[in-house]
Amino acid sequence: MEMNIELNTHSIPPVVDDTDRRLLAVVAKGLPLAPRPFAEVAARLGLDEAEVIARFAHLKQSGVLRRFGVVVRHHELGYGANAMVVWDVPDDQVRALGRCLAGFDFITLCYQRPRRLPQWRYNLYCMIHGKSREEVLSNLEWMVNRCGLQSLPHEVLFSRRRFKQCGARYHAENKEDAHAASG
Amino acid sequence: MTLPHANLTELERKLLNDFQHDFPLTPTPYADMAKQLGVSEAEVLAALAHLKAAGAVSRVGAVVRPNTIGASTLAAMSVPAGDLERVAALVNGYPEVNHNYEREHALNLWFVAAAPDGARLQHVLDEIAERSGYEVLSFPLVEDYHIDLGFDLRWR
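From first to last, the protein sequence lines are chains W and U.
As numbered in my numbering, the first sequence has no gaps in its residue numbers, which increase by one up to the final residue, 183.
As numbered in my numbering, the second sequence has no gaps in its residue numbers, which increase by one up to the final residue, 339.
Looking at chain W on its own, in the form it has when it is part of the complex (with noise of 0.2 Å):
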């Protein structure tokens, strides 16, 4: 299998030293629900609360991080419907209407990703949610139309069942906790 790791190719490459790196596993199940919780933080890691907090800050404003905050689970809070959507477009119209998906409210994610032939044709994604399956149907007709996707083949991945939702872990913080987490 071939892998094609890119870096995106509008950042410059963050630096992200090992420290930033422990952090970042420390906190992958989540910021301690405690009055100071980033000064517990930083006792597991024989640091002081000033220094996590100036890289938490430096990692978001760098780019590193999408976002530091609440992480909601659609489906619990009544977004049961997910579609992964996904369109065949020539490649060089894919960054303008990936663009143009991404500025919808309804869509979460929306990637270029490459093709994998003869059994894969498509390489533009993204992710509809909503209370209902018509709900996403409604929301991807309005899309296609406002984005002129009409005469793209595509096709609508519903999700059907759920087996793991959590943070990504780039680092296990220990095997204890990796084992805990894949249960």
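What the hints contain is simulated information worked out from the structure, not anything from laboratory work.
All the pointers check out, no bait thrown in.
Not close to chain W: a few residues of chain U, all C-beta gaps over 10 Å, as computed:
(1) Lys218
(2) Gln219
(3) Leu220
(4) Gly221
(5) Asp266
(6) Arg314
(7) Gly316
Stretches of chain W that chain U covers, calculated by requiring three or more beta carbons in the stretch to come under 8 Å of a beta carbon on chain U:
(8) 58-68
(9) 109-116
(10) 162-169
Here are the simulated EDC-like pairs of lysine to aspartate or glutamate, each with C-alpha atoms no more than 20 Å apart in a straight line:
(11) W/Lys164 <-> U/Glu310
(12) U/Lys235 <-> W/Glu76
(13) U/Lys197 <-> W/Asp105
(14) W/Lys164 <-> U/Glu285
(15) U/Lys235 <-> U/Asp205
(16) W/Lys60 <-> W/Asp18
(17) W/Lys131 <-> U/Glu285
(18) W/Lys164 <-> U/Asp266
(19) W/Lys60 <-> U/Asp205
(20) W/Lys131 <-> U/Glu195
(21) W/Lys60 <-> U/Asp201
(22) W/Lys131 <-> U/Glu287
(23) W/Lys164 <-> U/Glu287
(24) U/Lys218 <-> U/Glu195
(25) W/Lys164 <-> U/Glu268
(26) U/Lys197 <-> W/Glu76
Glycine is no exception: its CB is placed at the ideal position from the N, C-alpha and C atoms.
Mind docking chain U on chain W? Use the hints.
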């Protein structure tokens, strides 16, 4: 469990919608949120603990942009219905896997995996293919078009 709009308190709705992006990076973030909302720090902590226990909140924390630290990919497999639960459990067993869904398609199992580097990520995908007996297609990100401002729950 689902928590439809009607079952949430006003405080819970504000905690869910207003702090996805603007979480205070201060020594006492929950007290600062409480002040902004006109409630006590204890009420904020209790409400967040409840939302987390109920599953409405995954966590308070960082959402890492793909490909800034380590390597990640979206992967898909085509698994016969009768074997899907076994393969889904096998995939779930990897701490590198953070999302894993059944979807309505011939490629019916879709998961996201992340690792410190591309070599470790590839090893996980190869091992899943070998242990499950099915091909794993990998679709790493080429470009991200979405600017994540959180998900507006449209309660206001």
